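Peer 1: Using the sequences and the accompanying hints, generate a full structural model.
Following the UniProt record's numbering, the numbering of the sequence shown begins with 1 at its first residue and continues without gaps.
None of these hints come from the bench; they were simulated from the model.
Bear in mind that the values here come from a model prediction, so they are computed numbers and not experimental data.
There could be a bad hint or two in this list.
[What the hints assert, rightly or not] Quick list of the computed label-pair ranges, beta carbon to beta carbon: (1) Tyr334 x Ser144: 57 to 63 Å; (2) Arg177 x Ser382: 29 to 35 Å; (3) Gln164 x Arg561: 53 to 59 Å; (4) Gln164 x Leu635: 24 to 30 Å; (5) Arg596 x Pro273: 31 to 37 Å; (6) Leu152 x Glu406: 53 to 59 Å; (7) Gln614 x Tyr334: 52 to 58 Å; (8) Glu599 x Pro420: 49 to 55 Å; (9) Leu431 x Gln614: 44 to 50 Å.
No residue lacks a Cβ here, since even glycine has one placed at the ideal position from N, Cα and C.
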Amino acid sequence: FSLNTTDFAPNICIFLNVSGFYAAVKLSFLISSFAPKLDGGKEVLSMHQILLYLLRCSKALVPEEEIANMLQWEELEWQKYAEECKGMIVTNPGTKPSSVRIDQLDREQFNPDVITFPIIVHFGIRPAQLSYAGDPQYQKLWKSYVKLRHLLANSPKVKQTDKQKLAQREEALQKIRQKNTMRREVTVELSSQGFWKTGIRSDVCQHAMMLPVLTHHIRYHQCLMHLDKLIGYTFQDRCLLQLAMTHPSHHLNFGMNPDHARNSLSNCGIRQPKYGDRKVHHMHMRKKGINTLINIMSRLGQDDPTPSRINHNERLEFLGDAVVEFLTSVHLYYLFPSLEEGGLATYRTAIVQNQHLAMLAKKLELDRFMLYAHGPDLCRESDLRHAMANCFEALIGAVYLEGSLEEAKQLFGRLLFNDPDLREVWLNYPLHPLQLQEPNTDRQLIETSPVLQKLTEFEEAIGVIFTHVRLLARAFTLRTVGFNHLTLGHNQRMEFLGDSIMQLVATEYLFIHFPDHHEGHLTLLRSSLVNNRTQAKVAEELGMQEYAITNDKTKRPVALRTKTLADLLESFIAALYIDKDLEYVHTFMNVCFFPRLKEFILNQDWNDPKSQLQQCCLTLRTEGKEPDIPLYKTLQTVGPSHARTYTVAVYFKGERIGCGKGPSIQQAEMGAAMDALEKYNFPQMAHQKRFIERKYRQELKEMRWEREHQEKEPDDTEDIKK
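Peer 2: Below, the structure written as structure tokens:
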């Protein structure tokens, strides 16, 4: 039996008399093709042959006039007949359920004086809600069992009483499972009286139950064609558009009454269908729990772009959020050339906030196309609007992914402004003021400017020659420098733009190369890449501090703070984008940033010390009590207001477990948490290290060798100089 979704009968127009009015209704029929194998080939039977077969098979399972004769059959003959009936669907109109699958046909006569019809034996499955899995007592006991098992696994010393308590709960669970009233597998015995053969077997029913899902799929994609017109872009990959519309709460089912479909599958479908590994449907959906977090975050990125098996729109929302922020930042940056960073950030917040994005989603009527579970989660208007805003971001991400940045830009512009004149201003912004002064190039100014002459050394070092080198000078001009005609200002506006550019490029790379990571996991990885510490390290490696333009007349090397170095790098990224394009930024980050991800993952640098310490402390909680969390206390503050040093201690269960110092309370707390992780014996920490060691033994060995080799190189250079 094969179900070919392309076998549609022509539309047939019929007329229905509704309240005196005639309305034309189009109907489509799904015709299944029965294809038996004949001499190695296939024959598609015509519908009249199928109907003739069904008519021939339509007869009583056990004719009343034949009962006495059938009871006298030899055992071998009866077994042959029972085998023919096994797996067949029989029906008894008027009963509930009217049709059932025969798993066994027995003819035992318990009363020799009365002839009884043979018994139909059906092995069914009780719905989960009516079995032990849906029993509140079982669920509560199972939850406490899993919780206690997890606590004991992370406890440094396990008491014998705790082991006994765990064994008792396991035994209690087993008893509930073995109760007859709670077992999922049930045996049903029915009299064969009144049952008729259908000629249909369970495989036909199994395939037929795909039709509700299939028809929903076809109808939904017909609706999405209307959405294509609303957004002004036609998706080639229809599944990508559906993914953008799929809320995390949505689960594919059998329509409005899924219980009927499940009952039909249980009563008439294949008794024990083999679907393969059921975990495949859930293994990419689970994202809660410390073990799941460590497992997913330990996975290295794919070398080639890989599609994700996570079937909701959170990942696309993660990408779309970065695209929306990038487009907003770029347009505001060019349209308001004299506005400072704070003003640009305020305007951007007003545009990208969920409340505004929900209004744009309403313009596209996304609430009519969203796929979500009709439960209590999205009943409130505020929750639905939030989901619509997320869906809008996912749609922008999908357009960017399949189309281009230009397509996403045009769509966003059309939705932002209904007025054609305003839309024209938004979409066609002017060039940068430094580019307007010298439209072709400003490299002729290098001869007369010592500042620009020095920057040519940096250009040679990175292998990029700027068309407008004053953009590079603007990127390296610190806030302390006053207004000058060379750069027309400092780099803070560029830092605002560079941050959004880096967010987009990093987001796209992570989205493509880390298909198993959910939105939260991708955010952790992005935070490890786009942060002050990593940016400052890259800036130092490129020697950007040597080219920083300050108001220091002595021209001595200046030790720059981590934040200042990070701002330099973000400003450079903005200058690179303005002078060249986004492709140059992609190449720069492919060389200087993305290779570091492997080290961040192997060292678990994506997890900051405070979060890691809290996770370790939560695993040591005692059953039935509130979990203990680490507490931070500031012990000392020394130094003047502009250069203070804070000393912070961290306490767990009343005991001091770590201490740290730093120029800010936050950094001091991070230091204290790191000190605690090194000194205190946390089982969870040891487990994470063992997990990574076992999984990436060779990679860790190579990474450590490279680090030792890099540390030796400066020492060798110093020895040569001496």
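Peer 1: It remains to establish, for every hint, whether it holds in the given structure.
Peer 2: Hint check results:
1. Tyr334 x Ser144: 57 to 63 Å: With a Cβ separation near 60 Å, Tyr334 and Ser144 satisfy 57 to 63 Å, so the hint holds.
2. Arg177 x Ser382: 29 to 35 Å: This hint is violated: roughly 42 Å between Cβ atoms.
3. Gln164 x Arg561: 53 to 59 Å: 58 Å, holds
4. Gln164 x Leu635: 24 to 30 Å: 44 Å, violated
5. Arg596 x Pro273: 31 to 37 Å: Violated: the Cβ-Cβ distance is about 47 Å, outside 31 to 37 Å.
6. Leu152 x Glu406: 53 to 59 Å: 57 Å, holds
7. Gln614 x Tyr334: 52 to 58 Å: 43 Å, violated
8. Glu599 x Pro420: 49 to 55 Å: 51 Å, holds
9. Leu431 x Gln614: 44 to 50 Å: 49 Å, holds
Hint violations for this structure: numbers 2, 4, 5, 7, all remaining hints satisfied.
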